[in-house]
Amino acid sequence: MKRFEPFAIALFAALLAVAPLFLNTYQVDVLNSIGLYALLALSLNLILGEAGLFNMGHAAFYAIGAYTAAILNTRYQVPILWTLPLSGLIAGLFALAVARPVVHLRGDYLLIVTIGVGEIVRIALVNDVFGLTGGANGIFGISRPKLFGFVIRQPQEFYYLIWGFVALTIFLFLRIKRSRFGRALNYLREDEVAAEGSGINTDYYKLAAFGLGAAWAGMAGTLFAAKMTIISPESFSFWESVVLFMIVILGGAGSIAGILLAAFLVIGLPELFREFAGARMLVFGLVMMVMMVVRPQGLLPARGR
Amino acid sequence: MVNLLSLQHLTKTFGGLTAVKDVSFTVEKGAIVGLIGPNGAGKTTVFNLITGNYQPDRGQITFADTPLNGLRTHRIIMRGIARTFQNIRLFQQLTALENVLAGCHYRMRSGIVATMLRLPAQRREEQQAVERAQQELAFVGLNSHALTVAKNLSYGDQRRLEIARALATEPRLLILDEPAGGMNEQETEGLIGLIGRIQQRGVTILLIEHDMRLVMRVCEKLVVLEHGGKIAEGSPDQARSNPQVIEAYLGVEDEP
Ligand SMILES: Nc1ncnc2c1ncn2[C@@H]1O[C@H](COP(=O)(O)OP(=O)(O)OP(=O)(O)O)[C@@H](O)[C@H]1O
Ligand SMILES: [Mg+2]
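So the sequence lines, in the order shown, correspond to chains A and U.
Here the working numbering is used: the first residue of the first sequence is 1, the next is one more, and so on.
Here the working numbering is used: the first residue of the second sequence is 1, the next is one more, and so on.
Because the hints were derived from the structure by calculation, they are not lab data.
Remember, it's a predicted structure, so these values are computed and weren't measured experimentally.
There could be a bad hint or two in this list.
[What the hints assert, rightly or not] Anything over 12 Å on all C-beta distances counts as not near chain A; from chain U, calculated: (1) F14; (2) T18; (3) D22; (4) Q55; (5) Q60; (6) D65; (7) N143; (8) S144; (9) Y155; (10) E189; (11) Q199; (12) D211; (13) G234; (14) I246.
[Stated by the list, open to error] Pulled a few chain A residues facing chain U out of the computed Cβ check, cut under 7 Å: (15) L172; (16) R175; (17) I176; (18) E196; (19) G197; (20) S198; (21) G199; (22) I200; (23) N201.
Cβ coordinates follow ideal geometry from the N, Cα and C atoms, glycine included.
Extracted from the complex, chain A is given alone in its bound form:
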């Protein structure tokens, strides 16, 4: 199994690279969606999968990134891709501010608090906070992204932007995983008392997990804003947080390959069965129940579990 892994990864990457050549626009658009969710789930994985911190309000960070990008672009004419660092920074800082007083909470309490944060952000957006967010209608007229003088317009073009960012993310997150920082997150998840008792500043790493995960979600928000050109609060509902949580748990917390697979299943499968759209929730619910019973470690669990 282990020996085939590099081949499997190379094959998967090659398939993704040529996929737009064989697919119609609608199908490419679905893949774009999957890419964005994969990106978000990978960022949530730092918090939930690697550090073991229950966060069911991840859409809040995504929203803050998307709105930061949209506001900077529509009000101050900042090119949309240039807003990436600032969207990430603001989402990250927001996460630090809200996580600071609550990270010491036990898992189940933290879960409730993060749900609350997600809802507060959404409601604030609906209520047009600071007169910047456009209320329930959101913000429209976001300009198309430009890369090296080339305007990205078609889904096929967005495809390479989004999946390129996914590839970069995986590349960087793998480095993090195999480092002092990544290990510290795992120590937290495994046993907080032992981590602190080994000289690790657990509060710092909890915040760092939230900060980095949120910053990445914020950047995913920028890509989303660029792709849609219109954003509104309904794109950042509680349900989005639940779906992301599901992708991480279903794929196997801490497992990058598992999360990619789960993103394909959770986002892609409903598209294949559009005619049964009504039964989607039912199927989701059932699949999650069955998974938790027969394979609680996820589809492709991280090593050792």
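Given the coordinates of chain A, work out where chain U with the ligands should sit on it, guided by the hints.
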């Protein structure tokens, strides 16, 4: 500095229960000191006070001439105290090597940016940490298990892995909470040898243990607790002949 660690009038209550009552003792530099007493005497609570897991209601803890009161646990570890836990607290899903790397963590510097860019300094640091961790694994005799997931190790190996993780922090004082707990006779023999070798490295040791043969063989000094209070302090022979100790502790059956 003769006393590496000194506890003065430590008291800790949990609700109505006084788990530790006005306990004072010292641990001399380079010594192996045993903290003994019947179940529920307050031994583990003393350890948790030393490493800042609990804050004392009263009293003072001094390590290497500086007070530890109020410091967070990881800060205390960084000052040079390392510990193991009575009920083994390993990172169960991680490998033995990764477990020991936890102990190396605070001496490393690389941050998130250096990691993403994989700067030469970061790579060198990682490599050195892995070598350090391998050395500690070899020191406790687990070099062949570096890549074994902690939960798959035998009980005795898990205890030794916890010691390796603690040693990786390069402590001046190592505190062991029932290191022989759950070990068979042969493993306990090995542990006694290991404790001797740790002392030879210049590490001072304070240990809690119910296995009296181990205690009598390795400890130079014993502190005896009963119902949270100290009832004796002295050489193993003194402790053994102290009537209060005999009544409180040695008369009582060993671990059930
Ligand atoms: N966190 C806590 N909350 C409430 N009571 C506690 C707590 N920790 C310890 N105790 C109580 O304090 C007393 C001393 O416990 P401690 O664990 O220190 O004993 P011990 O000497 O280590 O015993 P053993 O030999 O069984 O490990 C016990 O009565 C225990 O129930
Ligand atoms: Mg105890």
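Now the hints, each set against the structure:
no. : hint : result
1   : F14  : holds (17 Å)
2   : T18  : holds (23 Å)
3   : D22  : holds (26 Å)
4   : Q55  : holds (14 Å)
5   : Q60  : holds (21 Å)
6   : D65  : holds (21 Å)
7   : N143 : holds (19 Å)
8   : S144 : holds (18 Å)
9   : Y155 : holds (17 Å)
10  : E189 : holds (27 Å)
11  : Q199 : holds (21 Å)
12  : D211 : holds (23 Å)
13  : G234 : holds (30 Å)
14  : I246 : holds (35 Å)
15  : L172 : holds (5 Å)
16  : R175 : holds (6 Å)
17  : I176 : holds (6 Å)
18  : E196 : holds (4 Å)
19  : G197 : holds (6 Å)
20  : S198 : holds (4 Å)
21  : G199 : holds (4 Å)
22  : I200 : holds (5 Å)
23  : N201 : holds (5 Å)
Consistency note: the structure conflicts with none of the earlier hints.
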